[in-house]
Amino acid sequence: MGNGTHLGKVRGLGSSGHGSHHWLQQRLTALGNILLIGFLFISFLRLPMTDHGAVLRWASNPMVALALILMVVSVFWHLRLGLTVLIEDYVHGEATRLFALVLLNFYAIGGAAYGIFTIVRIALAPAAGLAPGGM
Amino acid sequence: MAVSILHRASGDGLAIVGALLFLWWLGALAAGPDAYAAFIACVWHDPDAGTFHQITNILGKIVLIGLTWAFFQHLFSGLRHFVLDAGAGYELRTNKLWSTLVIVGALLATAATWLYIFAEALNG
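Residue numbers (our numbering), protein chains in the order written: chain A, 1 to 135; chain B, 1 to 124.
Derived by calculation from the structure, the hints in this document are not laboratory data.
Honestly, I wouldn't trust all of these hints.
What the hints assert, rightly or not - Below, a list of computed lysine to aspartate or glutamate pairs in the EDC-like style, where the Cα atoms sit at most 20 Å apart: (1) Lys-96(B) to Asp-85(B); (2) Lys-61(B) to Asp-51(A); (3) Lys-61(B) to Glu-120(B); (4) Lys-9(A) to Asp-85(B); (5) Lys-61(B) to Asp-48(B); (6) Lys-61(B) to Asp-46(B).
All values reported here derive from a predicted model rather than from experimental measurement.
Turn these sequences into a full structure, and let the hints guide you.
Right, here's the structure in full:
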């Protein structure tokens with residue numbers, strides 16, 4: 001361990017064996033969330049949310065769709081990290097804990113995949129000459 | 001103490017209720033005008049509401065206000081954590097002051113947001 005960098009000294013340590021990695025990812029996705037959810041929050045306040053056509057036009061704008069995809073990645077990554085710690089703290093017993101973690105991964109990865117696929121559907125429906133929902 | 005457990009509670013609420021509601025909204029948006037109208041009628045406002053939708057409209061607003069609070073609480077508390085990560089703000093009095101400000105700030109921001117939304121709704 002003698003001459004390593006500070007970061008090199010803590011990599012792979014912690015009770016879970018990947019504490020510093022988790023710590024850094026949680027903060028990086030937190031920064032992403034501030035920007036991207038900030039954008040979503042302000043958009044929601046400014047949009048006529050009950051007007052399907054207006055909201056759809058907004059969501060199918062390529063830059064908006066890109067921001068929404070990045071937001072889904074950042075949010076689901078961040079929530080997977082947060083809920084992992086919740087399970088590690090409160091769910092005891094090896095088998096139950098493993099089951100909870102598997103369930104969490106299904107939720108986080110499945111939810112993100114569904115979200116991204118739906119955003120792409122909305123953004124590409126006009127290009128494919130499809131009415132929304134016709135895909 | 002309180003601000004720490006609120007960070008976890010608000011985060012978990014956003015992670016489960018917030019994320020699922022977002023995906024439900026997104027799916028309804030992609031599925032077309034009828035599905036979107038059904039979503040709005042369930043969660044927000046149904047022009048010819050039966051008893052069921054009257055109840056879900058109220059519940060929907062309670063959940064949305066709760067999510068708004070959880071969002072601000074988690075955001076402000078998260079910003080506090082960034083400061084603590086930098087090694088600052090550990091003196092007892094400073095720490096207590098910022099914990100209190102996080103909680104008060106989240107409540108004020110939630111109130112301001114919903115005053116704005118309801119004012120917009122009333123003005124048509």
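Status of the hints after comparison with the structure:
1. Lys-96(B) to Asp-85(B): 16 Å, holds
2. Lys-61(B) to Asp-51(A): 18 Å, holds
3. Lys-61(B) to Glu-120(B): Roughly 15 Å separates the two Cα atoms, so the pair holds.
4. Lys-9(A) to Asp-85(B): Holds, because 18 Å separates the two Cα atoms, which is no more than 20 Å.
5. Lys-61(B) to Asp-48(B): Satisfied, since the Cα-Cα distance of roughly 18 Å is no more than 20 Å.
6. Lys-61(B) to Asp-46(B): 13 Å, holds
Checked against the numbered hints listed earlier, the structure breaks none of them; every hint is satisfied.
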